[in-house]
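Read top to bottom, the protein sequences are chains A and B.
Residues in the first sequence are numbered from 1 upward in steps of one, following our numbering.
Residues in the second sequence are numbered from 1 upward in steps of one, following our numbering.
Some clues are possibly wrong.
Within a straight-line C-alpha distance of at most 27 Å, the following computed DSSO-like cross-link-like pairs (lysine-lysine) qualify [claimed, not checked]:
1) Lys211(B) - Lys60(A)
2) Lys60(A) - Lys5(B)
3) Lys34(A) - Lys9(B)
4) Lys34(A) - Lys5(B)
5) Lys60(A) - Lys9(B)
6) Lys34(A) - Lys60(A)
Simulated from the structure, these hints should not be mistaken for lab results.
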Amino acid sequence: MTKRIRSKIARGSGELAILALLAEQPLYGFEIAKQIGERTGGTLQFTLASLYPLLYEMEKRGWVEGHWQTNHAGRDRRYYRLTPGGRRQLAPLRQEWRAFFQALDSLAGVSHA
Amino acid sequence: MRDWKELVKERLAVQGLPESDEEEVIAELAAHLEEAYEDARLRGLTEGIAVEAALQGVEDWHVLAANICRAKAQEDSMNHRTRSLWLPALVALLGASVSLMLTQFLGMQPHLVWIGRMGMTFYWPWLATLPFFGAVGAYLSQCAQGATRARLAAGLSPALIMLIVMCLILPWGLLIDGLDFFRLVSFGLGLANWVVIPGVALLVGALPFLKGHSSREGMPALE
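Turn these sequences into a full structure, and let the hints steer you where they fit.
Here it is, written out as structure tokens:
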């Protein structure tokens, strides 16, 4: 698999992971990375360098929006929440990834690997 | 207590961003590093190792700065729109216009259909080429990962431009010559002649390229 394809798969899966997570509740960057790592058993991991460019890109496209909020300890955090545009994006993205994995499974039997 | 904002400011050389954006990015990344550091401390790491653990998330600050600038820049969406809409639309429009000019230049006579006192002109050879140009517009838009609406607009651009031109002309015509039934029917026939029928021909060609979801990079492109 070339680096380009790997990078696109990583990016695409990252977008879906973030959209799916934010569909549940607004979260700030560190929490997004932490939850994705924990809930995928470490298979998907975001570093600071991989997370924020993707979040900013998604914000530019209008899928998520960020707003600053101060928590009870007086710490400022930038929370991201899904926009209606992002919510609309989620269903077809899920569908495409499902189709992608089914196609890969029928070709390479990855689900039984 | 470590000044995480200062640390980020020193390392992250984001250029070309508005100052408010830059400050916001620095504040957000600093908050992330601080959280990562505290998380590491809670896991029992010493202060030095916790700082290292927090900073591990960035291999190269220059690459990060460049990626953030690219992600935040508005230019990309402009370029994307140009690639996925304006350029394919222009190609389809030019193609259809040149095809009509050639049809006339080669002396092919239009087929006249009279409806009462008014006639409709059909350049059949030209109409026959329109599905091809509709397909070209939609295909180029699809290649540029245009949304379905952009592909449709690019494919139908020759008819849409004619619609705009006719809608601009109509009020002037009514203003100068006054409103009468004959003029309105004539406008309606013109609309059918130069917008609806060519639009349908263009749509026939564009249809195969309208299918499929178009998240720009949401899915891996394996082709």
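Hint check results:
With a CA separation close to 25 Å, the supplied pair Lys211(B) and Lys60(A) stays within the 27 Å bound. At most 27 Å may separate the alpha-carbon atoms for a hinted pair to count; Lys60(A) and Lys5(B) meet this at roughly 24 Å. Restraint check: the Cα-Cα separation between Lys34(A) and Lys9(B) comes to about 24 Å, which is no more than 27 Å; the hinted pair holds. Taken as a hint, the Lys34(A) and Lys5(B) pair is honoured in the structure, with Cα atoms around 21 Å apart against an allowance of 27 Å.
Straight-line distance between C-alpha atoms of Lys60(A) and Lys9(B) comes to about 23 Å, which keeps the hinted pair within the 27 Å bound. As the CA atoms of Lys34(A) and Lys60(A) are separated by approximately 23 Å, the hinted pair is consistent with the 27 Å bound.
Consistency with the previously given hints is maintained throughout, with no hint failing.
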